[in-house]
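4 protein chains.
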Amino acid sequence: MSSHLIESLGTTVPLAEAFSDRSILRAMLDFEAALARAEAAAGVIPAAAAQAITAAAATDALDAAAIARAARDSGTISIPFVKALTALVDSADASSGRFVHFGATSQDVADTAMVLTIRRARSGLAVDHKRLTHRLRELSDRHARTVMLGRTLLQPASPITFGLKVAGWYAALTRSWARFERSCDEACVLQFGGASGTLAALDGRGLNVSERLALELDLPLPAAPWHTERDRIAAVVADAGICTSTLGKIARDISLLMQDEVGEVSEPGGGSSTMPQKRNPSGCAVALAAAVRLPSLVSSFLTGSIQEHERGVGGWHAEWPTVAAALQATGSALASLAAAIDGLTVNPERMRANIERTNGTVFAERVVMLLAPGLGKETANSLISDALARCRESGKPLRDVLLAMPDVARAIPPQILERIDVAEDYLGSADALRVRLLERSASVRASEC
Amino acid sequence: MSSHLIESLGTTVPLAEAFSDRSILRAMLDFEAALARAEAAAGVIPAAAAQAITAAAATDALDAAAIARAARDSGTISIPFVKALTALVDSADASSGRFVHFGATSQDVADTAMVLTIRRARSGLAVDHKRLTHRLRELSDRHARTVMLGRTLLQPASPITFGLKVAGWYAALTRSWARFERSCDEACVLQFGGASGTLAALDGRGLNVSERLALELDLPLPAAPWHTERDRIAAVVADAGICTSTLGKIARDISLLMQDEVGEVSEPGGGSSTMPQKRNPSGCAVALAAAVRLPSLVSSFLTGSIQEHERGVGGWHAEWPTVAAALQATGSALASLAAAIDGLTVNPERMRANIERTNGTVFAERVVMLLAPGLGKETANSLISDALARCRESGKPLRDVLLAMPDVARAIPPQILERIDVAEDYLGSADALRVRLLERSASVRASEC
Amino acid sequence: MSSHLIESLGTTVPLAEAFSDRSILRAMLDFEAALARAEAAAGVIPAAAAQAITAAAATDALDAAAIARAARDSGTISIPFVKALTALVDSADASSGRFVHFGATSQDVADTAMVLTIRRARSGLAVDHKRLTHRLRELSDRHARTVMLGRTLLQPASPITFGLKVAGWYAALTRSWARFERSCDEACVLQFGGASGTLAALDGRGLNVSERLALELDLPLPAAPWHTERDRIAAVVADAGICTSTLGKIARDISLLMQDEVGEVSEPGGGSSTMPQKRNPSGCAVALAAAVRLPSLVSSFLTGSIQEHERGVGGWHAEWPTVAAALQATGSALASLAAAIDGLTVNPERMRANIERTNGTVFAERVVMLLAPGLGKETANSLISDALARCRESGKPLRDVLLAMPDVARAIPPQILERIDVAEDYLGSADALRVRLLERSASVRASEC
Amino acid sequence: MSSHLIESLGTTVPLAEAFSDRSILRAMLDFEAALARAEAAAGVIPAAAAQAITAAAATDALDAAAIARAARDSGTISIPFVKALTALVDSADASSGRFVHFGATSQDVADTAMVLTIRRARSGLAVDHKRLTHRLRELSDRHARTVMLGRTLLQPASPITFGLKVAGWYAALTRSWARFERSCDEACVLQFGGASGTLAALDGRGLNVSERLALELDLPLPAAPWHTERDRIAAVVADAGICTSTLGKIARDISLLMQDEVGEVSEPGGGSSTMPQKRNPSGCAVALAAAVRLPSLVSSFLTGSIQEHERGVGGWHAEWPTVAAALQATGSALASLAAAIDGLTVNPERMRANIERTNGTVFAERVVMLLAPGLGKETANSLISDALARCRESGKPLRDVLLAMPDVARAIPPQILERIDVAEDYLGSADALRVRLLERSASVRASEC
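Chains as they are written, first to last, in numbering that gives the first Met the number 0: chain A, 0 to 448; chain B, 0 to 448; chain C, 0 to 448; chain D, 0 to 448.
One or more of the hints may lead you astray.
[To be verified] Which residues of chain A face chain C? A few of them, derived with a C-beta cut under 8 angstroms, are:
#, residue
1, L4
2, P275
3, N279
4, S299
5, L416
[Claimed, not checked] Among chain C residues calculated to face chain A with C-beta under 7 angstroms, some are:
#, residue
6, G9
7, T53
8, A54
9, T58
10, S77
11, S281
12, A288
13, T302
14, V312
15, G373
16, G375
17, T378
18, N380
Keep in mind that the hints were calculated from the coordinates and are not lab data. C-beta atoms are modelled at their ideal positions from N, C-alpha and C, and glycine is treated no differently.
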C-alpha cells in the first residue's frame with residue numbers, strides 16, 4: 000500500500016481510480032452478481048437468491064480495508080470478500096447467502112476482477128494513445144522538410160528530417176499499441192472453473208453457467224479455465240512493457256534535443272524548486288521513469304507465471320501489484336508524453352544551425368561515396384581525412400577545403416561539390432520513408448508494417 | 000565468451016551452431032554479397048564488383064576471433080568485418096573492394112545478420128515444439144479418463160483428469176508458440192538504411208536497392224529502417240520468454256509429480272554422481288533453469304531498447320548476447336521437455352491411490368454443495384467440519400462418517416452419499432473442457448483460443 | 000496509487016503506515032524544520048524564521064493528495080510541497096516564508112525523506128527478523144536429533160536432521176540480514192547539496208549548515224551530497240532482495256514439506272473459499288510472492304541508478320515506488336514467515352516414515368562407499384544396481400536384499416550391514432555442522448560466517 | 000554457447016580465459032586432486048590413490064566439449080566429468096579410480112570450481128579497477144578549479160567544478176568496489192558437503208577432510224556446506240551489478256559531455272563504418288551495454304537462488320551462465336572505461352564557454368538567494384522572472400539586465416552584482432566536498448564514507 004506522494008508520477012487520476020479499492024470491489028461484486036443471475040437462469044440456484052445477491056452487490060456496503068487486512072490470513076482477498084458479501088446478503092434474505100459464490104473458487108472472482116480492471120484501464124490508455132499518435136502524425140507532416148542532424152552514438156551524422164524522426168516514433172508506437180490491444184483482446188476472457196478448474200461443483204451445468212456468465216459480463220468465454228496458465232496476462236504485461244520502452248525512446252530523444260546546448264525542441268516541462276531560469280523536461284522524466292520500471296515488472300510477471308498444478312503458491316499471489324503498477328506506469332507515460340508532444344516547441348533554425356556548426360563535416364560520408372568508385376576506398380579515405388584535418392585546423396567549411404583540393408575537385412563535378420554541404424541534397428529517401436511509415440502504420444495491423 | 004561447460008545446459012547442438020561464429024559470419028557475408036548484387040542490378044555498382052564480392056563472401060577466409068577482438072575498439076564487429084572483407088575482395092580484384100558495404104552502415108549488416116540468425120534459430124525451435132505438442136496431445140487423449148488429485152497451493156483439491164491437466168499445458172504452449180511465431184514474422188525483416196537511416200548515400204536509388212536486397216535475402220522489406228525502433232525484436236524476446244515460462248510451468252508440475260512421495264509421473268531423467276538409487280528430473284531442471292533466466296533476458300532487452308536518436312549508445316550494444324542467450328535457453332527448454340515428455344512414465348494407480356489416501360476429504364466441497372442449498376452455508380459448514388474432525392480422529396473415510404451422521408444422511412440421497420468419494424462422479428466438465436482445449440488450440444490462432 | 004485490496008499481501012500495517020502520505024509528509028516537514036533551525040544556528044536565516052517554520056512544520060495542515068496531483072507538472076513532489084509549506088508559514092508570519100527550503104534543492108528534501116523512511120521501515124523489519132530468527136534457533140535446537148530425508152532435485156537423498164535444515168535457514172537469514180543492516184547504515188545519511196550539489200547558495204556556510212542539519216535529523220553526514228550517486232540506496236534494495244530470496248527459500252521448503260503426500264511440517268495457514276478440508280500454506284504464499292517480486296525491483300533500481308550529471312531525468316523519478324514496494328514486500332515476507340514458523344507443526348513420525356518408505360534405498364550411497372574401496376567402483380555400482388533392482392521387484396528392504404547377497408555380505412561387516420538403513424548411523428557431521436551454523440551466525444558478522 | 004562475435008563487447012581477453020573450458024576444467028581438477036590429498040592425509044583413502052588422482056588431474060586430457068554435451072543427460076557437468084576423470088585415473092592405476100570424488104557430490108566440485116573462478120576473475124577486475132580509480136583521482140586533482148555547468152534533468156544549473164564531478168565518480172566507484180570485494184571475501188569459501196550436505200559418506204572424518212581440503216585450495220572453510228543457501232554468491236552478483244551501474248553512470252556522463260554540441264570531454268573512442276568524421280564514444284557504449292545487462296543478471300540470480308531442500312531443481316542449474324555473464328560484463332565495462340579515462344581529453348574552454356552561453360541565467364538562483372531575505376520570495380521571484388524575460392528578449396547578459404534594474408541594484412551590493420555571473424564566485428563548498436570525497440574514499444571502508 001503506497002501513498003499518493005510515492006505514486007504521484009506513476010499513475011494518472013483515471014488509472015488510479017481504475018485500480019482503486021472501489022473499482023476492484025465493484026468488479027468483484029459484478030462477478031458475483033452476474034454469477035448468481037447466470038446460475039439462476041441455468042436453474043442452479045433460486046431466482047430469489049439471484050435477486051438478493053444482485054441487490055446486495057449493487058450497494059457500496061463492503062469495507063475494502065477490512066477485507067484487505069483479513070486477506071493476509073488466507074492469502075487471498077476473495078475469502079474475506081465472499082464472507083462479507085454472504086453476510087450482507089444474509090442480512091437481507093437469510094435463505095440467499097448460501098448461494099453467494101456458488102460453485103466458484105477464490106481465483107474465479109479475483110481473476111475475473113483483474114480482467115475487468117485491465118479492460119477498464121485499457122480504455123483509459125486508448126484515449127491518450129489516440130491523442131498522442133494523432134499529434135505525432137501532424138507533427139511529422141508539418142516537419143516533412145525540416146532538416147536536422149542525424150545523430151548516431153550521440154554524435155553528428157548525415158542529416159535527416161524531423162518529420163522522418165517523428166514518423167519513426169509514430170510507427171513504433173502504432174505497432175506497439177496494436178500488439179498491446181491484441182494481447183488485451185486475448186487476455187480479457189472469463190475466469191470460471193471452480194475449485195480445481197473442472198466446474199465439478201456445478202455438476203453437468205458448468206458450461207451452461209459459464210456461457211451465461213460470460214454474456215452477463217460481456218467477456219469472451221475461453222476454451223477452459225486458466226487458473227495456472229498465465230500466458231495471456233503475461234502477454235498484456237509484456238506488450239505494455241514494449242509500449243513503454245517505445246515511449247521511453249521518444250522521451251529520451253526529446254530530453255536530449257531539449258538540452259540547452261542542442262536546443263532543437265522543448266516540451267512545456269516544469270520548473271525547479273530553486274533555479275528560476277530552468278525549464279525541465281518533466282514530461283519526459285515521467286515517461287522515462289515508467290520505462291525504467293516496466294522491464295522489471297514484465298520480468299516479475301513472467302517469473303511468477305510458473306504456477307504449480309491447479310493453483311500456484313506465491314506466483315499467483317504476486318500478480319496483482321505487478322499488473323497494477325505496469326498498467327498505471329504505462330498510462331502515466333502515455334499521458335505525460337501526450338502532453339509533452341501537445342505542447343512541443345520545435346526550433347527549425349537551431350536544427351539547421353546545428354548542422355552548420357559541424358562545418359560540413361557531417362557530409363564526409365557523401366564525399367567518400369563520390370570519390371571511392373573512381374579512386375578506391377583507400378585514396379578516398381585518405382583524401383577525406385586530409386580534408387577533415389584541414390577543416391579542424393583552419394576552421395574553414397569542408398566545402399571550401401574540398402574545393403581547394405585538386406584531386407577532389409577533379410573527381411567530383413563542381414555543381415555537386417559546391418553544394419556538398421546542402422542538407423536538402425543529402426536526404427536520400429527520407430521523405431519516401433516517412434510517408435511509408437505513416438501510411439502503413441495507419442492502415443494496417445502491426446503484423447504488416 | 001563463455002565455455003561449453005558453462006553453457007552446457009543453456010543451449011542445444013543445433014542452436015549453438017546457429018549462434019556460432021561461423022553462422023554469424025555467414026549471415027554477415029550473405030548480407031554483403033546480396034547487397035552487392037542488388038546494387039549492381041540497380042546500376043549503383045559495377046557487375047564485376049558484385050561478382051568479386053559474392054565470390055569472396057562465399058569463402059570461409061575471415062577470422063572471427065580476430066574480428067571479435069578488434070570490435071572492442073570501434074564498439075561493433077561490423078567495422079573490422081567490413082575492413083577484413085574489403086581486404087579479401089581487394090586481394091582478388093583491387094578495383095572491387097571499394098564497393099563492399101557500399102552505402103550501408105554497420106548496423107545494417109549487424110541487424111540483418113541478427114534477423115537471419117533469429118529466423119534460423121526459430122526453425123530449430125519449431126522442430127522441438129512440434130514434437131512436444133504432438134506428444135502432449137497424444138498424452139492428453141490417452142489419459143482422458145485417468146483421475147488424479149487436483150492440487151491448489153500444493154494441497155489436495157477436488158479431482159481432475161491427467162488428460163485435462165495435459166490439455167492445459169498443450170493449449171498454453173500452442174498459444175505461446177503462436178505468439179512467438181507471429182513476432183518472428185513481424186521482426187524478421189530487412190535492416191537497410193545507411194548512416195542515418197535515409198539511404199542518402201544511394202542517392203535516389205535507395206528504395207530500389209532495398210527492394211532487391213530484401214528479395215535476395217528472402218526477407219520482407221519493412222516500411223523503413225528500424226535502427227532505433229526495437230519493438231519488433233523486443234516482441235520476439237518477450238514471446239520467447241512467455242513460451243519458456245509456459246515450459247517452466249510444465250516442468251515444475253512434472254518435477255512435483257515425480258517426487259517419491261507423490262510418484263505419479265516420472266521423466267527419464269538422470270542419475271546422481273553419488274547416489275545410485277536416484278533418478279533426477281534433469282529434463283525439468285534444464286527447462287526450469289531456462290525459465291529462471293528468460294524473464295531477466297526479456298527485461299534486459301526492453302531496458303536496452305530505449306535507444307538514442309538514429310543509433311543508440313549502449314542499448315544496441317547490449318542486444319546480441321541477450322538475444323542469443325534467450326533463444327538458446329528457450330530452445331534448450333523445448334528440447335529437454337520434449338525428451339522428458341517423450342519418455343514420460345505415468346502411474347495411474349498412484350494417482351488414484353493419492354486420491355484415496357485423503358480418505359475422501361477432498362470431496363468435502365461436494366458435500367457442502369449438496370447440503371448448503373437446503374440447510375444454509377453455516378449449517379453445511381458446521382456439519383462438514385464435524386465430519387472432517389471425525390475422519391481425522393477415527394481414520395475412517397469421509398463417506399462412512401457422513402453415512403453415520405443423520406443430519407447429513409437426511410439431506411443427501413443415499414445413492415449419492417454412498418458414492419460421495421468416487422472421483423469419476425465429481426469431474427464436472429473435465430473432459431468437455433479437455434476436448435475444447437485440444438480442438439480450439441489445434442485449429443485456430445492464439446487470438447481465438 | 001494502488002488500493003488496499005491490490006497491496007493486501009504486499010505490505011503489513013506498520014509498513015503501510017511508514018510509507019503512507021502522512022509519514023512521507025512528516026519526514027519532509029522534519030527536514031525543512033531541521034534545515035531552518037540549522038540555518039538559524041549558523042546565522043544564515045533569522046531565528047524567528049526558524050521558529051515560524053518549525054511551528055508550521057509541526058502541524059498536519061498540508062494536503063498530500065493535492066501535492067501529489069501537482070507533482071506531475073514539475074516532475075517532483077518537492078516543488079508543490081515547498082510551495083504549500085511556504086504559504087503556510089507566510090500565513091502565520093509573512094516575513095518567514097522566504098526562508099523555507101533556503102538554499103536547498105528538491106532532491107535534498109525528497110532524498111532525505113526517503114532515507115528517514117528507510118530507517119523507519121528498517122526498525123519495523125527488525126522486530127520480525129528478531130522474532131523469526133529466535134524461533135528458528137529454538138526450532139533447530141529442538142529438532143537436533145529429528146531425522147528426515149535429505150532431498151535433492153526433489154528426490155530422496157541421504158538423511159539429514161530437521162535441526163540442520165533449520166540451522167541452514169537460520170544462518171542464511173542471519174547473514175542476509177547483517178548485510179541489509181550494514182547497507183542501511185551506509186545509506187541512511189543526509190542528502191543536502193543545493194541546486195548542483197555544491198551548497199553554493201549558502202556561500203561558505205554550507206558545510207556548517209550540513210553538520211548541524213545532520214545532527215538535527217540524527218543522520219550521519221556523508222563526505223558529500225549524492226544526488227546522482229545511488230550506489231548506497233541500491234545496496235539497500237539489493238540486500239533486501241537477498242533477504243527476501245532467503246525467506247523465499249524457507250517458504251518454498253515449508254510449502255513442499257507441507258504437501259499432503261509429504262506431511263512433515265505444517266504452517267497454520269489459511270482456508271479455502273470452497274474446500275473445507277483445506278489448510279493452505281498461505282504464509283508461505285505471501286513470502287514466495289515477495290520473492291517473485293524482489294529480484295525485479297532490485298533490477299529496476301539498478302537500471303534507474305544510472306543518473307545523468309547532477310540530477311537524473313527519469314531514473315531518479317522511478318525510485319520511490321521501487322523502494323517502497325521492495326521494503327514493504329520484504330517486510331510482508333518476514334512477518335508472514337515469522338507467523339508461519341511461530342505456529343509450525345512438525346511431524347517427526349512422518350519424517351521417519353518417509354525415510355522408511357524408500358525401503359532403505361536412500362542408503363545406496365552408503366553401500367557404495369563401503370564396497371568401492373575394496374571392490375572398485377564398477378563392481379560396487381554393479382552390485383548396488385542389482386540390489387536396487389531386487390528391492391523394486393520384491394518390495395523387500397535394501398538391508399534384507401543386501402544381507403542375501405554373498406558378495407556384499409562378505410565385503411561389509413555384519414554389524415554395519417544389519418544397520419545399513421538406520422538413519423542415525425548415517426548422519427555424518429550433521430549435528431556438528433548445525434552447531435557451527437548457529438554459533439557462528441549468532442556471534443559474528445556476516446563477513447565471518 | 001555463444002560465439003566470439005556475439006560476446007565481443009561483453010568480455011575481455013583475460014576474463015574470457017577465466018571462464019573458458021580450460022579454466023573451468025582446471026578448477027574442477029584442482030578440487031578433485033586437493034580432495035584426494037586431503038582424504039589421504041585424513042586416512043580416508045590410500046596415499047597412492049591421492050598420488051594417482053593428483054597426477055591425472057595435472058594433465059589436460061579431458062574433453063570439455065564432450066563433457067558439456069553429456070551434461071544434458073544428467074543435468075550437471077559434474078557427472079560426466081567425474082566419470083571421465085575416473086576413467087583417466089583407472090587407465091593409469093586401476094585401483095585408484097574408485098577413490099576419485101570420494102564422498103563428494105556433484106555440487107561440491109561444481110560450486111567450488113565456481114568459487115575458484117570468481118576469485119580468479121576478481122583478480123582480473125582488480126587490475127582495471129585500480130587503474131581506473133587512480134586515473135580518476137588524478138583527473139579530479141588536475142581539474143580542481145576547472146569550472147563547468149552543473150546539469151540537472153539535462154538542463155543547465157549552477158556551476159560546479161569538473162574536479163568535483165570526477166570525485167563523485169571516484170567515491171561511488173570506490174564504495175561499490177569495496178562492497179564487491181567484501182562480498183567476494185564472504186562468498187569465496189569451500190563447498191564440500193557430500194550428497195545431502197552432512198558429510199555422511201566420510202563417517203566422522205568429514206570435518207577433518209573439509210579443513211584439509213580448504214587449506215589445499217586456499218579457501219576459507221565456512222560454518223557448513225551451502226548447497227541451497229546462495230545468499231553469498233547472490234551478494235557477489237548484486238555488488239557486481241552496483242559497480243556496473245556506477246560505471247554506467249560515468250559512461251553516461253562522458254557520452255553526454257562528448258556530444259558535439261557540448262564538446263567538453265572526449266574519449267579516444269572509435270570510428271564509423273561509413274562516416275569518416277566520426278569519433279564515437281565506443282568505450283562508453285561498452286560500459287553502458289554492461290550496465291543494461293547487469294541489473295537483469297542480478298535479478299536472474301536472485302530468482303534462481305530460491306533452491307529447494309538440499310539441492311535445487313532449476314535454480315542451481317541456471318547459475319553458471321549468469322555468474323559468468325555478470326562478471327565478464329562488469330570486467331568489460333571496467334576495462335573499457337579505464338581506457339576511456341586514460342585517453343580522456345578535457346576541454347576547459349568549452350566548459351567555460353557553455354556556462355557563458357547561458358548568458359548568466361544559470362546564476363538566477365544566486366540572485367534570488369540575495370534578494371529573497373530582504374524582499375521576500377514573491378518579490379524576488381517576480382524580479383528575477385522579469386530579468387530573465389529581458390535577457391531572452393534582448394540577448395543581453397543577466398548581469399547587465401540586473402544592473403539596469405533599480406530594485407535589484409538597491410538590494411544587492413554592487414561589488415557582488417557586478418560579479419554575479421562569475422562562476423568561481425558561486426562554487427560554494429565544491430572543493431571542500433571534492434577533497435572530502437577523495438580523502439574519505441581512499442582511507443576508509445565503504446561503510447564509513
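Against the structure, the hints come out as follows:
1. Hint status for A:L4 relative to chain C: holds, with the closest Cβ pair at about 5 angstroms, below 8 angstroms.
2. Annotation: A:P275 was flagged as interfacial toward chain C, and the flag is violated, the nearest CB pair being 11 angstroms apart, outside 8 angstroms.
3. Taking 8 angstroms as the C-beta cut-off, the interface hint given for A:N279 holds, the closest approach to chain C being about 6 angstroms.
4. Of the supplied interface hints, the one on A:S299 holds, with its beta-carbon coming within about 4 angstroms of a beta-carbon of chain C, less than 8 angstroms.
5. The criterion of a C-beta within 8 angstroms of any C-beta in chain C is not met by A:L416, whose closest approach is roughly 41 angstroms, and the hint is violated.
6. A distance limit of 7 angstroms between C-beta atoms decides the matter here; for C:G9 the minimum to chain A is near 5 angstroms, and the interface restraint holds.
7. For the restraint placing C:T53 at the interface with chain A, the shortest Cβ-Cβ distance is roughly 20 angstroms, beyond the 7 angstroms limit, so the hint is violated.
8. The closest approach between the C-beta of C:A54 and any C-beta of chain A is roughly 22 angstroms, which is over the 7 angstroms cut-off, so the hint fails.
9. Checking C:T58 against chain A by beta carbon gives a least distance of about 17 angstroms; that is not within 7 angstroms, so the hint is violated.
10. Given hint, C:S77 at the interface with chain A, holds; its Cβ is 5 angstroms from that chain's nearest Cβ, closer than 7 angstroms.
11. Given the 7 angstroms rule on beta carbons, the hint for C:S281 holds: about 3 angstroms separates it from the nearest Cβ of chain A.
12. About 4 angstroms separates the beta-carbon of C:A288 from the nearest beta-carbon of chain A, less than 7 angstroms, and the hint is met.
13. Annotation: C:T302 was flagged as interfacial toward chain A, and the flag holds, the nearest CB pair being 5 angstroms apart, inside 7 angstroms.
14. This hint holds: C:V312 has a C-beta 5 angstroms from the nearest C-beta of chain A, less than the 7 angstroms allowed.
15. At a threshold of 7 angstroms, the smallest CB-CB gap from C:G373 to chain A is about 45 angstroms, leaving the interface hint violated.
16. Hint on C:G375 is violated. Least Cβ distance to chain A is approximately 43 angstroms, over the 7 angstroms limit.
17. The criterion of a C-beta within 7 angstroms of any C-beta in chain A is not met by C:T378, whose closest approach is roughly 42 angstroms, and the hint is violated.
18. For C:N380, the interface hint is violated, the least distance from its beta-carbon to any beta-carbon of chain A being 35 angstroms, above 7 angstroms.
Taken one by one, the earlier hints fail for this structure at numbers 2, 5, 7, 8, 9, 15, 16, 17, 18, listed in ascending order.
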